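K.L.:
Model the placement of chain B on the given structure of chain A, informed by the hints.
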Amino acid sequence: MSIFDILLRIVLAFTAVITFVTLNALFLVWLERKVSAVIQNRMGPTEVGPFGLLQTFADALKLLGKEMITPKSVDQYVFLLAPIIAFLPAPLLIAAIPIAEGVGVSDLNVGALYLLAISNIALLGILMAGWSSNNKYSLLGALRAVAQNISYEIPMLLAVLAVVLMAGSLKLSEIVKAQETIPYILLQPVAFLIYFICSIAESNRTPFDLPEAESELVAGYHTEFTGMRFALFFLAEYTQVFVLAAIVTLFFLGGWNGPLLHPIVWFMLKTYLVVFVVMWLRWTYPRLRSDQLMNFNWRVLLPLAIVNLLVSTVLFRGTVG
Amino acid sequence: MPLEPEAVEPVAEQKAVYPELIERLRKAGATEVSSLDYSKSGMDVDAQVTPQSLCAVASILKHGHFSLETLVGVDRQPEFEVLYLFKADNEGPRVKLRAKTDRETATLPTLTNVYGGADWYEREVFDMFGVNFIDHPHLRPLLLPHFTKFHPLRKDFHGAPIVIPEDTVEIPELDVQAATKLGQSTGLRSDFFLNMGPQHPSTHGVLRILLHVEGETILGGRCHLGYSHRGTEKLAEKKQYVQFLPYTDRMDYLSPLNYNWGFARLLETATGIESTPRAEVLRVIMCELSRIASHLVWLGTYLLDLGAITPFLYCFEDRERILTIFERATGQRMTTSYIVAGGVRNDVYSTFSLEISELMRDMRKRLVEYDKLVIGNEIFLMRTDKVGIISPELAIEYGVSGPCLRGSGVDYDARRDEPYCELYKELEWKVPFETGGDCLSRSRVRMAELEQSVNLVEQALLKLEDGPVRSKVPKIFKVPAGEYYSVTEGPRGIIGWYLIADGSQIPYRLKVRVPSFANLQTVEQLMPGTRVADVVSILGSLDVIIPEIDR
Numbered sequence: 001m002s003i004f005d006i007l008l009r010i011v012l013a014f015t016a017v018i019t020f021v022t023l024n025a026l027f028l029v030w031l032e033r034k035v036s037a038v039i040q041n042r043m044g045p046t047e048v049g050p051f052g053l054l055q056t057f058a059d060a061l062k063l064l065g066k067e068m069i070t071p072k073s074v075d076q077y078v079f080l081l082a083p084i085i086a087f088l089p090a091p092l093l094i095a096a097i098p099i100a101e102g103v104g105v106s107d108l109n110v111g112a113l114y115l116l117a118i119s120n121i122a123l124l125g126i127l128m129a130g131w132s133s134n135n136k137y138s139l140l141g142a143l144r145a146v147a148q149n150i151s152y153e154i155p156m157l158l159a160v161l162a163v164v165l166m167a168g169s170l171k172l173s174e175i176v177k178a179q180e181t182i183p184y185i186l187l188q189p190v191a192f193l194i195y196f197i198c199s200i201a202e203s204n205r206t207p208f209d210l211p212e213a214e215s216e217l218v219a220g221y222h223t224e225f226t227g228m229r230f231a232l233f234f235l236a237e238y239t240q241v242f243v244l245a246a247i248v249t250l251f252f253l254g255g256w257n258g259p260l261l262h263p264i265v266w267f268m269l270k271t272y273l274v275v276f277v278v279m280w281l282r283w284t285y286p287r288l289r290s291d292q293l294m295n296f297n298w299r300v301l302l303p304l305a306i307v308n309l310l311v312s313t314v315l316f317r318g319t320v321g
Numbered sequence: 001m002p003l004e005p006e007a008v009e010p011v012a013e014q015k016a017v018y019p020e021l022i023e024r025l026r027k028a029g030a031t032e033v034s035s036l037d038y039s040k041s042g043m044d045v046d047a048q049v050t051p052q053s054l055c056a057v058a059s060i061l062k063h064g065h066f067s068l069e070t071l072v073g074v075d076r077q078p079e080f081e082v083l084y085l086f087k088a089d090n091e092g093p094r095v096k097l098r099a100k101t102d103r104e105t106a107t108l109p110t111l112t113n114v115y116g117g118a119d120w121y122e123r124e125v126f127d128m129f130g131v132n133f134i135d136h137p138h139l140r141p142l143l144l145p146h147f148t149k150f151h152p153l154r155k156d157f158h159g160a161p162i163v164i165p166e167d168t169v170e171i172p173e174l175d176v177q178a179a180t181k182l183g184q185s186t187g188l189r190s191d192f193f194l195n196m197g198p199q200h201p202s203t204h205g206v207l208r209i210l211l212h213v214e215g216e217t218i219l220g221g222r223c224h225l226g227y228s229h230r231g232t233e234k235l236a237e238k239k240q241y242v243q244f245l246p247y248t249d250r251m252d253y254l255s256p257l258n259y260n261w262g263f264a265r266l267l268e269t270a271t272g273i274e275s276t277p278r279a280e281v282l283r284v285i286m287c288e289l290s291r292i293a294s295h296l297v298w299l300g301t302y303l304l305d306l307g308a309i310t311p312f313l314y315c316f317e318d319r320e321r322i323l324t325i326f327e328r329a330t331g332q333r334m335t336t337s338y339i340v341a342g343g344v345r346n347d348v349y350s351t352f353s354l355e356i357s358e359l360m361r362d363m364r365k366r367l368v369e370y371d372k373l374v375i376g377n378e379i380f381l382m383r384t385d386k387v388g389i390i391s392p393e394l395a396i397e398y399g400v401s402g403p404c405l406r407g408s409g410v411d412y413d414a415r416r417d418e419p420y421c422e423l424y425k426e427l428e429w430k431v432p433f434e435t436g437g438d439c440l441s442r443s444r445v446r447m448a449e450l451e452q453s454v455n456l457v458e459q460a461l462l463k464l465e466d467g468p469v470r471s472k473v474p475k476i477f478k479v480p481a482g483e484y485y486s487v488t489e490g491p492r493g494i495i496g497w498y499l500i501a502d503g504s505q506i507p508y509r510l511k512v513r514v515p516s517f518a519n520l521q522t523v524e525q526l527m528p529g530t531r532v533a534d535v536v537s538i539l540g541s542l543d544v545i546i547p548e549i550d551r
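Top line first, the protein sequences correspond to chains A and B. Per our numbering, residue 1 is the first one in the first sequence, and the count goes up by one each step. Per our numbering, residue 1 is the first one in the second sequence, and the count goes up by one each step.
So here's chain A without its partners, still in its complex pose (with noise of 0.2 angstroms):
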């Protein structure tokens, strides 16, 4: 392979991997507020575009022409990085997924590590938004969202730990692989529900939305950005849940594995399902208390993944390759 063909190759793979962050983002904004919408009883928007669909485009283009403020007591050079390493793991992750054999940017031998690694950089981001606004809430927030994503990345990780051991490999595609008869929901459920319960509080969701909780923080760690800054904060956490949904999809949902169908509809068809259940908790659900989250982590969460991977590990003995 020549020069330029790796250089075509890697401009072609960052062209496709940003649309694709862009348009599931404009995408999955417009789902939520559908969705919201049945579920309060409301219509959501209608007005632009077929069923709206165009009005989180415009609300897009808006979002880009409004002023950047920058406020006069922020850390200047950390508060401008913070959104740009908070979105940064965003293309990043979706790279690395593959949505059908052979079908995916990069489908690299240690996938699920370099997933779960990955995700955590926009922790940073969340972080420096928090410190470098010099507002007190947003700093609340900042705190909340570490405090938690830390606590809530042990008992994931070992959740898929319990799917890694099944499989016998790290390669995303071997895990689908290795669910072609069965999907792994039924043989790991307490798995599946940890991971599902964790993933949900990685992304600050209902009723782990604590690190943004308007009530209590007003908009917590991005309460001081404005504009395309602002819009950055949401094109991750929107790619986050998409993220989330897919590795769902991949480790417990057999991946693109099914009948009839594409190979690569039946992997969207599973992600934006999961993707719904999401916002459907978002809008039927309160919010918990900072302590009460840590207590259900600790105290429930992580013995219940540790005994899970414990019990796995003796009942599979024999089917690991």
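Everything labelled a hint here was simulated from the structure, so no lab data went into it. In this text, all values refer to a predicted model and were calculated from it rather than measured experimentally.
With a straight-line cut-off of 20 angstroms between C-alpha atoms, the simulated SDA-like cross-links for lysine to any residue are:
| id | chain 1 | residue 1 | chain 2 | residue 2 |
| --- | --- | --- | --- | --- |
| 1 | B | Lys472 | B | Thr271 |
| 2 | A | Lys136 | B | Leu210 |
| 3 | B | Lys372 | A | Gln40 |
| 4 | A | Lys136 | B | Thr217 |
| 5 | B | Lys472 | B | Gln505 |
| 6 | B | Lys372 | A | Leu281 |
| 7 | B | Lys239 | B | Thr335 |
| 8 | B | Lys386 | A | Asn295 |
| 9 | A | Lys136 | B | Gly215 |
| 10 | B | Lys238 | B | His158 |
| 11 | A | Lys136 | B | Arg531 |
| 12 | B | Lys372 | A | Trp283 |
Covered stretches of chain A, as calculated for chain B (at least 3 residues, CB under 8 angstroms):
| id | segment |
| --- | --- |
| 13 | 35-49 |
| 14 | 197-209 |
| 15 | 277-285 |
| 16 | 289-296 |
Beta carbons are placed, not taken as given, at the ideal position from N, Cα and C, and that holds for glycine.
P.N.:
Just chain B, lined up with the frame of chain A:
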């Protein structure tokens, strides 16, 4: 016009019961103690106290489990008088203590050592009259900005320019001290202060709480009021009785009808005008609907505070139907001015009963849903159970009323225990109460009240018979000279009106006792040791309306 004979009888009975109390007050140092006719003045016992004997007399009342309902400052020209209004439990008397001080010194001893709840009331009197309360722990203006130098409710005040000093942005040193002092009980130290409000989504209006926090733990907090102070009590001294009615709508924007009724009731007590039977039924229907609407807003916004957005929209959908009925019956959705002295302003429209009974049928279904989906929700229980416990003692000391009082296990409801509407006695309903004292108990009481209000409306509709809706009221409305007090039960608690009339068309002094004032005051006691998220939960469960407090 005299009141109905059956309304007078039980009151006359009550009057004879308190010689023992009068004797004890006399022994403690009260100078002139006399008993009053409850049906005419709304008070049972009147006692004049000297500044020296004030605390001793108040202690007697405290031992008798009286709660401090409000303080009324009066400019008697030349001297000032402060009236302390006390209320015993259900059957007991209402006692009024009067303490005088001359214009030059204008000092009185503080009552905060006996009644913690006197804190804000004394600060308000300090604000409005410039009366100094010696040894008050935190004597600074409550409703006015902290830099004001004038006292607007003095009769010789006719307006003054407000000069804003340059250091107003800073947190006053006194507040920092006070917040720190409250935090000492938790044993933690911190110099992190958080201003919650006045522009904050869950302070329900413009309330500012200065929080002293260590991480997520609250060490202490101080409430700052007055951001929507409109000087209603001063306005009352410039308006005729009839002209003042629209101002009562604007006290509590969620239940204007209950305030209309309170004011109408005051004028009826003072002048002896009676309302008609049809008007009484209409009043009950409208006020109970108003209570339902108000509680629905509470439910929606409380859940919003706790992070659940959806219930808010459902509650507002139901409330909208009630407001539509208000609009058709009174002409306005919120500023109704509907209940007036002698009855109601106009009769209702033809499909009124039909629409309401249909609405009530739907409400019953919705209430079951709310109970199951919202109040039974696991996370909701976690956020409210054992959070913000108001003990019965604290509730009585601070004069807490309404669902907050009943959530603390004190069984008092003015609708049942004050003879202000005969119809409540005839209808079949009960006063719900819980013993927990926490946010959950208060929520449960309100949910049960919603159900009882639906009961009341449905029964009252059956009693709606044809007839006039307003009795004859003189064209020129004058109130005979004297002092009157009337109490009604609003959605948030006791709405009390204290009127000092001089026989003209204009009140000499009109004081409103608002329920949220006392309820909110407990928050400073509840906060130390809780989390930031709990403050939101406690505030929401108290269901305060800031414009009502600020007036």
